[in-house]
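Fit chain B to the given chain A structure using the hints.
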Amino acid sequence: VSLDLETAARRAGSMLRSHFAGLPAPPIAEPRRQRPRVIAAGVAAVMMAVATVVLIALVGPWNSHTTGARIQSVRANGWERIPVSGAGFGPHPVINAAANWHSVFFAAGDVFTPDPTYSTPTTAAVWSSPDGRRWTRAQLPKANGYGAEVETLVATHQGILAIGNTSTDIGQRLADNVVWRSTDGHSWQTLARGSKVFGQGAGFIAGAQQTPRGVVAWGSASRAYGPQEPAIWTSPNGAHWTRVLAPPSAAIEQGQIESLTPTAQGWLALSRLSDVVRPAAWTSPNLTTWTRLGDHLTIVGTPDPSGLSVGPALAVNNTVIAGQRAATAAVTPGLLRSRDGGATWAPAPGPNGEVDGLVAVGNRLVATGLTASVTGEQGPPAVWTSSDGQTWTQMPDRGALPRGTLSLTAANTSTLVVMGTATDYYRWSIPAAPRPARLDRTYRDRARSFSLRYPATWRPATSNLTPHLGTPGKPWEIISLGTYPLQVGSSRCAQFPVTALEDLGPSDAFLSIQEARTYTATELQSFPSRPHQFALTADQLIPPSSDLFNCLDRPHNFTIWGFQYQQDGRAVIVDAALGPAAPPQRQAELVAVLNTLELGHPK
Amino acid sequence: LTVAATTVEPFEDFYRREYGGIVALAYGLTGDRGMAEDLAQDAFSDSYRGWDRIGHYDAPLAWVRRAVINRSRSRFRHLGAEARVLVRLRSERRDGTWVELPDDVEHFWASVRSLPKRQAQCVALRYVDDLGVDEIAALVGCAEATVRVHLHRARRTLAETLDLHHGEEDA
Numbered sequence: 001v002s003l004d005l006e007t008a009a010r011r012a013g014s015m016l017r018s019h020f021a022g023l024p025a026p027p028i029a030e031p032r033r034q035r036p037r038v039i040a041a042g043v044a045a046v047m048m049a050v051a052t053v054v055l056i057a058l059v060g061p062w063n064s065h066t067t068g069a070r071i072q073s074v075r076a077n078g079w080e081r082i083p084v085s086g087a088g089f090g091p092h093p094v095i096n097a098a099a100n101w102h103s104v105f106f107a108a109g110d111v112f113t114p115d116p117t118y119s120t121p122t123t124a125a126v127w128s129s130p131d132g133r134r135w136t137r138a139q140l141p142k143a144n145g146y147g148a149e150v151e152t153l154v155a156t157h158q159g160i161l162a163i164g165n166t167s168t169d170i171g172q173r174l175a176d177n178v179v180w181r182s183t184d185g186h187s188w189q190t191l192a193r194g195s196k197v198f199g200q201g202a203g204f205i206a207g208a209q210q211t212p213r214g215v216v217a218w219g220s221a222s223r224a225y226g227p228q229e230p231a232i233w234t235s236p237n238g239a240h241w242t243r244v245l246a247p248p249s250a251a252i253e254q255g256q257i258e259s260l261t262p263t264a265q266g267w268l269a270l271s272r273l274s275d276v277v278r279p280a281a282w283t284s285p286n287l288t289t290w291t292r293l294g295d296h297l298t299i300v301g302t303p304d305p306s307g308l309s310v311g312p313a314l315a316v317n318n319t320v321i322a323g324q325r326a327a328t329a330a331v332t333p334g335l336l337r338s339r340d341g342g343a344t345w346a347p348a349p350g351p352n353g354e355v356d357g358l359v360a361v362g363n364r365l366v367a368t369g370l371t372a373s374v375t376g377e378q379g380p381p382a383v384w385t386s387s388d389g390q391t392w393t394q395m396p397d398r399g400a401l402p403r404g405t406l407s408l409t410a411a412n413t414s415t416l417v418v419m420g421t422a423t424d425y426y427r428w429s430i431p432a433a434p435r436p437a438r439l440d441r442t443y444r445d446r447a448r449s450f451s452l453r454y455p456a457t458w459r460p461a462t463s464n465l466t467p468h469l470g471t472p473g474k475p476w477e478i479i480s481l482g483t484y485p486l487q488v489g490s491s492r493c494a495q496f497p498v499t500a501l502e503d504l505g506p507s508d509a510f511l512s513i514q515e516a517r518t519y520t521a522t523e524l525q526s527f528p529s530r531p532h533q534f535a536l537t538a539d540q541l542i543p544p545s546s547d548l549f550n551c552l553d554r555p556h557n558f559t560i561w562g563f564q565y566q567q568d569g570r571a572v573i574v575d576a577a578l579g580p581a582a583p584p585q586r587q588a589e590l591v592a593v594l595n596t597l598e599l600g601h602p603k
Numbered sequence: 001l002t003v004a005a006t007t008v009e010p011f012e013d014f015y016r017r018e019y020g021g022i023v024a025l026a027y028g029l030t031g032d033r034g035m036a037e038d039l040a041q042d043a044f045s046d047s048y049r050g051w052d053r054i055g056h057y058d059a060p061l062a063w064v065r066r067a068v069i070n071r072s073r074s075r076f077r078h079l080g081a082e083a084r085v086l087v088r089l090r091s092e093r094r095d096g097t098w099v100e101l102p103d104d105v106e107h108f109w110a111s112v113r114s115l116p117k118r119q120a121q122c123v124a125l126r127y128v129d130d131l132g133v134d135e136i137a138a139l140v141g142c143a144e145a146t147v148r149v150h151l152h153r154a155r156r157t158l159a160e161t162l163d164l165h166h167g168e169e170d171a
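Protein chains in written order, with this note's numbering: chain A, 1 to 603; chain B, 1 to 171.
For reference, chain A alone in the conformation it holds in the complex (with noise of 0.2 Å):
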């Protein structure tokens, strides 16, 4: 014996750890979750209306940070922001799904506790909420296995489903698949599970929608715990499901089926391929019979789309568009359109990015998905917009986004909610567009040459709500509106009409506008010129570490903006506040109020 065990040990571990360590890691292709891609069931509610163009203005910066405990949600031109933490989610959710039904909102997906073997099981959960914003979870029964979470909802003729699975142990496959369903929105059953729900070998439900002829879900599924092929299935009631896609029994092909859109032409699944990626597509005229078309998605300009894979879809009017997401650097992601029910493809103009998720709200389409870096990687997770399918704006996001992907819809006409499955949570609505505000009133003091317009329901301050700025006779509040009676009070702090912030209601709204007295050219040239358009951006939103809120004595809620600008050589401070259930059409009176302030060459 001439070597010692322990030193030939380290010397062959040592060998391992240096022979490997500068092995490149392979390029990351997916998303981390597969999601379902358009919640809305049916024909109708996925095929969109183009006619009405309704330019949505996103929202600046937004940072929970620098607003502060004092804001507790941001909103601006429709977009509001709030932190899941604050929603009735409890610690560590996984939003896996959202859905609407019945106009309630649900979400679904897992809860877990970190403990220190590293094997928390986790619990398959289920929350509800009427508006989106506040959240109750309600009880699923137990499932059976080491933990449990929800993978996909959908809304039924029959009730609501969740669809999920159990799992064995850490780190092993999924082993079996759980329906539950909820017939009232608040209690729910197991309707089906074990391993053989989906057919032998687990499921993995990427989506589901009801159709006429029943329920659809689709994904991918094992065979006895072999490669994960395409599946697609059907079911008169979520309990017992058949399986109408499967490849020929002696071809066993890897991928997932990613999207189920009904087209002109019939049901179109685009499916990725994973043995080498590739985005495959076929079609149906009933569900229940599928063709394959060719090998692979047939794009224009793009004979080998290896390094592809095609996710969401969306039928608008005779057109399927899909988002594309790329594997390698080599290809661009963004969206494909085909006009011809999926048998053909071309680039159309898009996010810039790869997009996870789309989705028809009313006559607006969102995506969802990952911005593409310089170097092709994927980028942040982003939002984007578009009225007309053709011009799409990017949520600004600026760093506030969380990172992961942002896959999850779920829509009624008129709200939409997005949520993230990163490490932070945040809600996102869109409310309904909301109407244009009539603006009946007009204020005009030619003395001081100043006018606007505001509705009806607002009413004018009847006295200077800061009357100790300035000298008299020369006050610097030109005029102060609001939906309530606004008082003169504290005189604290000269500068802020306290008193009517303080009394400032949760639906209400508040403008106050003053002019500020410049004495040099210098002095008025710091003043940007009159925005062409207001807009209550995050850009505008006053810090808590504004001397404002030191001036306030009674607990307050508002979210204020605040705007200086110069007009026709004169200086002009605007303090903008909502309250934090003021409703759409409040925010948009406001903004509208503040579009009409004109200011003339003094009189």
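Honestly, the hints are just simulated from the structure, not real lab data.
Don't take every hint at face value.
[Claimed, not checked] A few chain A residues that face chain B, going by a derived Cβ cut-off under 10 Å, partial list only:
(1) Asp4
(2) Gly13
(3) Ser14
(4) Gly90
(5) Val94
(6) Thr596
Quick reminder that beta carbons are idealized off the backbone N, C-alpha and C, glycines included.
Chain B only, in chain A's frame:
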């Protein structure tokens, strides 16, 4: 284990940094480079999908290690099951970059793989990842004393198989 309050390392950074080490661990347990890379990718793909929570762990690498040793134990049952998450660019990965390990190293790990699975796992975690008994116990889910027994028996067997002096383990 605690949950970090704020920042989570981007998965991409974690993945690129730790990939080689996880492949090394998997190779020690399988002896097949392709299989080792598959195992590593499967484990990383799971952590990728669960990065919401795993990224918050103090030691997400421990989670991946555990996934690898579990999968290596039931490799054939799970073969290919996770292929859908990560692209397998086999041709790119394997073009001319493979350099053989020294024979004695290959022989050592082949002997390790002939051990009872739990012993082999303990040895791999001890000598590839340089983990202490407490860390191995947490990973494989048994008591520290049990790990010591596994390591002791493994060393004794390996010494006999490889004709090496048993020596005194320091773990």
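Against the structure, the hints come out as follows:
1. Asp4: holds (4 Å)
2. Gly13: holds (3 Å)
3. Ser14: holds (8 Å)
4. Gly90: This interface hint is violated because 14 Å lies over the 10 Å limit.
5. Val94: holds (5 Å)
6. Thr596: violated (43 Å)
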